[in-house]
Amino acid sequence: MALRLPPAPFRQHSATQSLTMKTQFLTRSASSPRLPKFSVRNVSSDTSRKLVMKVKEKLEKDHTSLPTGKNGRDDEELILWFLKDRKFSVEEAISKLTKAIKWRHEFRVSDLTEESVRRVAATGKSYVHDSLDVNGRPVLVVVPSKHIPEMFDRLEDERLCVFLLEKALSRLPEGKEEILGIFDLRGFGTQNADLKFLTFLFDVLYYYYPRRLGQVLFVDAPFIFQPIWQLAKPLVKHYASLVRFCSVEDVRKEYFTESTVPLSFRK
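Residue numbers for the sequence shown follow this note's numbering, beginning at 1168 and rising by one.
Among the hints, erroneous ones may be present.
[Stated by the list, open to error] DSS-like, lysine-lysine: derived pairs with alpha carbons at most 27 Å apart:
1. 1237 - 1221
2. 1251 - 1217
3. 1254 - 1221
4. 1313 - 1269
5. 1363 - 1400
6. 1217 - 1263
7. 1434 - 1266
8. 1251 - 1223
9. 1313 - 1251
10. 1254 - 1266
11. 1343 - 1251
12. 1434 - 1263
13. 1434 - 1404
14. 1251 - 1269
15. 1217 - 1313
16. 1263 - 1313
17. 1434 - 1400
18. 1400 - 1251
19. 1254 - 1228
20. 1237 - 1225
21. 1334 - 1266
22. 1313 - 1343
23. 1343 - 1404
No wet-lab data here; the hints were simulated from the structure.
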């Protein structure tokens, strides 16, 4: 039996269609090659070292007025940290880092001492806990019920905030990079609400201490706090995703041992 071929028009159409499909595939392949995704994990220590030196050289060339030394334009650890925060984009890291260094100089961060913030610290509204949490993180405790807006000059409150952040970070163990923030909301009332200060706190964390806050605990938040938090969430940017609402019992059992839990959270 002879093999019957389809009519010529059909054969021509099939060949044309096949050729078109191959051409489209080759065109897509040529114009859209699959590239490996760039991420911090893919950056080798040698590459990161080169990027640090590149940032350092550009800062020395273009921003000579910036201070040097620890937390200055030639602080390689600081440069690396901002490179990580900006996913190793040199230009973005330089932009954010220069603003941070200028702010530290203008705010006079290096001049802050226990004595300079003693008056506000005496209220007990915030402090750095003596022990680390179970994950080895320094702990910054905030007690909003002891905060009365306008009781002190706003700059005094801001100085205490920055001093305590610096103190907590100075206690980071080797290999650790983040701190834990605990907001003890027991006794919180509308008279304690201060969106301006909360915005300042999270702006400082975002712009000048990026990626340093590992988690935020809102402990025993009263009903009145919920609408205030809804107003605050857009202001605190992505840090809202780090927040966990929990109980005093959760703090005791999940974040500390019996001997390291803060006194105010013990039974």
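Right, here's what the structure says about each hint:
For the proposed pair residue 1237 and residue 1221, the alpha carbon gap of about 18 Å is at most 27 Å, so the pair holds. Taken as a hint, the residue 1251 and residue 1217 pair is honoured in the structure, with Cα atoms around 13 Å apart against an allowance of 27 Å. Using a Cα cut-off of 27 Å, the hinted pair residue 1254 and residue 1221 holds, with the two alpha carbons roughly 15 Å apart. With a CA separation close to 32 Å, the supplied pair residue 1313 and residue 1269 exceeds the 27 Å bound.
The hinted pair formed by residue 1363 and residue 1400 meets the criterion: a straight-line CA distance of about 13 Å does not exceed 27 Å. With a CA separation close to 19 Å, the supplied pair residue 1217 and residue 1263 stays within the 27 Å bound. Of the pairs offered as hints, the one joining residue 1434 and residue 1266 is violated, with about 45 Å between alpha carbons and a cut-off of 27 Å exceeded. Only pairs whose Cα atoms come within 27 Å are accepted, and residue 1251 paired with residue 1223 is accepted, the gap being roughly 15 Å.
With a C-alpha separation of about 36 Å, the suggested pairing of residue 1313 with residue 1251 is violated against the 27 Å cut-off. Restraint check for residue 1254 and residue 1266: the C-alpha separation of about 17 Å stays at or below 27 Å, so the hint holds. Between residue 1343 and residue 1251, the direct Cα distance comes to roughly 15 Å. Compliance with the 27 Å bound is thereby established for this hinted pair. Restraint check: the Cα-Cα separation between residue 1434 and residue 1263 comes to about 44 Å, which exceeds 27 Å; the hinted pair is violated.
In summary, the hint linking residue 1434 to residue 1404 is not supported, as the alpha carbons are separated by about 35 Å, beyond the 27 Å threshold. Taken as a hint, the residue 1251 and residue 1269 pair is honoured in the structure, with Cα atoms around 20 Å apart against an allowance of 27 Å. A hinted pair counts as satisfied when its Cα atoms are at most 27 Å apart, and residue 1217 with residue 1313 does not qualify at roughly 48 Å. Distance check on the hinted pair: residue 1263 and residue 1313 sit about 34 Å apart at the alpha-carbon level, beyond 27 Å; violated.
Between the alpha carbons of residue 1434 and residue 1400 the distance comes to roughly 31 Å, so the proposed pair goes past 27 Å and is violated. For the suggested pair residue 1400 and residue 1251, the alpha carbons sit about 25 Å apart, so the restraint of at most 27 Å is met. Our distance criterion of 27 Å between C-alpha atoms is met by residue 1254 and residue 1228, whose separation comes to about 23 Å. Proximity of residue 1237 to residue 1225 is assessed by CA-CA distance (about 18 Å); at most 27 Å being required, the pair is judged to hold.
For a cut-off of 27 Å, the pair hint linking residue 1334 to residue 1266 stands: about 21 Å separates their Cα positions. Taking the CA atoms of residue 1313 and residue 1343, the gap is near 30 Å; set against the 27 Å cutoff, the hint is violated. Restraint check for residue 1343 and residue 1404: the C-alpha separation of about 24 Å stays at or below 27 Å, so the hint holds.
Checked against the numbered hints listed earlier, the structure breaks hints 4, 7, 9, 12, 13, 15, 16, 17, 22; every other hint is satisfied.
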